[in-house]
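Asker: Here is how the chains run, residue by residue.
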Amino acid sequence: MRRVAGPSADRSGACTSAWPHVGTVITVRWSVEQVESVAPSPSAVTAAQPLATPQRWSGLGADDRGIWGSCQGSGAEPYDTAVDHVGVGFRCSCPSRRTPCKHALALLLLWARDQVPAGVPAPSTEVWIARRITTRAASAASTPESADSTSGGTAESTSGDGSAGSDGPGRRSGGAGGGDSDDGTATEPPPEHERNDARDERVERMFAGLTELDRWLDDRIRTGLADPALARYATWDDLAARLVDAQAGSLANRVRRLAGLVGASVTWHDDVLGELGVLHLLSQAGRRLGSLPDPLADAVATTVGWQVRKADVLGGVPDTDHWVVAGRSDQREDRIEVRRHWLRGESSGRWALLLSFAAYQQSLDDTLEVGTAVHADLHRYPGPALRALLGTRHPDPVDLIFPNEPGAGPPAGRPPGQTIAAACDEIGRMLVGEPWLDRLPASVTAAVARSGNGWSLNDHTGSLPLLGSSERSGRSGEHGLAALLAASAGAEVDLTIEWTPHGVVPLAIHVDDRSIDIGPRAEESFVGSGGER
Amino acid sequence: MTIDELWRGLVTTALLGTDRRDPPSAQGELGDLVADSVRADPSSRMLAQVAACTAVRRAGVLPGPPLMPLAPPVADDRPPCPRAAVDRWRHITTSWPVLEDEWMLTLIEQGWRLAPELVPQVLRRQRRDPVRRIRVLVAAGPLAAWLGEHLPELDSASTRRPTGVEMERMAVLPDLPVPPDLVALLTAGGAEIGGTIAIGLEERTLGEAHRAVLINVIARCRTDALVDVADVLDSVDPSSPGRGLASVLADLATTRHRMLDELTAR
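These protein sequences, in sequence, are chains A and B. Using our numbering, you'd call the opening residue of the first sequence number 84 and step up by one each time. Using our numbering, you'd call the opening residue of the second sequence number 47 and step up by one each time.
Among these hints, one or two may not hold up.
[As the list claims (entries may be wrong)] Listed next, with one range per pair, are the computed distances between beta-carbon atoms:
#1 B:86 <-> A:310: 55 to 63 Å
#2 B:74 <-> A:198: 41 to 49 Å
#3 A:512 <-> B:136: 35 to 43 Å
#4 A:430 <-> B:223: 56 to 64 Å
#5 A:508 <-> B:222: 56 to 64 Å
#6 A:418 <-> B:137: 28 to 36 Å
Because the hints were derived from the structure by calculation, they are not lab data. Just so it is clear, the structure is predicted and the values come from calculations on it, not from any experiment. Ideal Cβ positions, reconstructed from N, Cα and C, are used throughout, including at glycine.
Please take these sequences and the hints and turn them into a complete structure.
Answerer: This is how it looks when you write it as structure tokens:
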């Protein structure tokens, strides 16, 4: 496997190997080229150059292990920056997600140019360095034979935030669209410097994991999709395990789903290649978060698996509306059943996604019935996120969209039907912003029609293939098709659908007096009673 | 080169691997984008092209050509059964399958047709029993045959002409086994049925060993007795050892009563 020049990653995500190892402290001043080699992008070095003058810094100092200083940035308070130039680690109080940020790069550049005086670190820097030495010594002791980044599989202890990313019960990684960490209300929050350390470690791990992912993708592309190794689940599972260790749980889930595409259809090479492309896109974007616009950076970070505390999401600005429960879809991901509820705001017309999770014999959220509306605050995840958490429910009763009264007719709130072409436009607009999204909601007015050996949704503007009507059907796809055929009898009906890159899934049929939930449903033998009708 | 042509070239290269074949070169804006790729080796260029091409193809999702609409099934003038009956069917198939035959026969007798969304599930459920299958075909009407034409897995027996015996049995609610000492309850009033069972449970002359036959009694007793049966059984002393079974039987009586109410109220 090819190695890039400069520091490479061990399994903890800390950078090692090109520089002296733990316990052999040798002060070797870096060259500017070495500084550039740790930058997340050339533009990061460019951004750091104006800061690499002693006039911008106070409290500069360096010793045989660290470099530190405070840089006056755009904020009122200077940013406290420190670099471990032996173990290669960075910390900065600036809000950038880039690692290293431009302040750390500037500090390194100053040091490389011999513009940082020798000194004694402040206590906080000293503690940070000491913790790094301890952590790395323990890591070295536990893996004496090698720190080869390809030998994943064993879970490291969780990072300092105390959560390995529980999106759902028994889950080690974030779920689709990012995870929720525990609220941590039972324990005292760690001191500020420890939180910074924890964040640094997580960022380093994730960065290393993304680098590792791209190397793996590169290998796949070089050896080709005909490589028999692709048919072995271990090929994918090993990578997924390493991504979990790298705090990129959502990417790990993607990799596991991708494994299921191999050999699943006659066009599996197309499908797998497209997904590899999306992984590459996310890997590249995840390593350039600092140079992305904030909403996009948030979306990428969440998609990669950056943990967001539920409390933080619920602390955001609420999106209050009468939310129509337009569709529901269950999907097994590894050993977890994931339920998606697609909601549509009556006033805003915006879509939102609520997720619930169940391990074996646990119950999924059954409180939201398709065809009802709930007046509630939704709190969206960072970025232009569809995913949200349900906050306060306002005291109005839950109303059926279609009250069971003769002549009531479809009241406001019924997802508006639209043509297939208009639905494609809507889906395309969402994908332009976030091309990695693999499930999107839409409403259409369409009929079912035959399309070769499969089935499609059809109207006068065109057709969209149905997922589940051919060999990729999965467990519940055929049931959805049969229910759709039966309820529509071949005529056009209003539908909520879920778009996927491989076809659309019908979730609900909205007929005159009710909505019919036909979305894929979890196996009753897997989930508890909450997953049953 | 169109985006689809480029994609086909990328898939071909991906099958072989860039060690054996160079990736195609993207033109235009996509080519410019890929030219910004950090590294210029074939696999890096290939990955960048695949990522860009995938993003463009997905965001540019277009509908396929319009298709030939399906011919509709023959019209069925009967109204579909009410939503409450649909929910009840789901409940009885999971909790009280002993009521399923009566539910279907009542639906047919009352002039309803099966709610369309139920038809595939019921067809699948009654795939093997020829008599029940006939009931489903009658209840579903022309929609069942139409579905069978389009989804062969739903057509396992729908095309076979039913025998005369099967047609006769189709219209009759099948008897359930009831021991001679309880047969009289089938024609008794609700207070008598409930009282007999409640006393038997409290005195332990009836118990879990009789559960199946007691269920059969309540599933076949007079319909005007059901409310009283439920009331009496619900009033069994909570400290009585027979309370659990009494509650279960009361639930059956209530479910059957509501089921019939939903299907007979027009």
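Asker: Please go over all the hints and tell whether each is borne out by the structure.
Answerer: Going through the hints against the structure:
In this structure the hint that residue 86 of chain B and residue 310 of chain A lie 55 to 63 Å apart at CB is violated, the actual value being about 24 Å. Evaluation of the 41 to 49 Å hint for residue 74 of chain B and residue 198 of chain A yields a pass: the beta carbon distance comes to about 46 Å. For residue 512 of chain A and residue 136 of chain B, the hinted distance range of 35 to 43 Å is satisfied, since their beta carbons lie about 38 Å from each other. At roughly 59 Å, the beta carbons of residue 430 of chain A and residue 223 of chain B sit within the given window of 56 to 64 Å.
Distance hint check for residue 508 of chain A and residue 222 of chain B: the Cβ-Cβ separation is about 58 Å, which falls inside the suggested range of 56 to 64 Å. Take residue 418 of chain A and residue 137 of chain B: their Cβ atoms lie about 30 Å apart, and the range 28 to 36 Å holds.
The structure fails hint 1 only (numbered hints given earlier).
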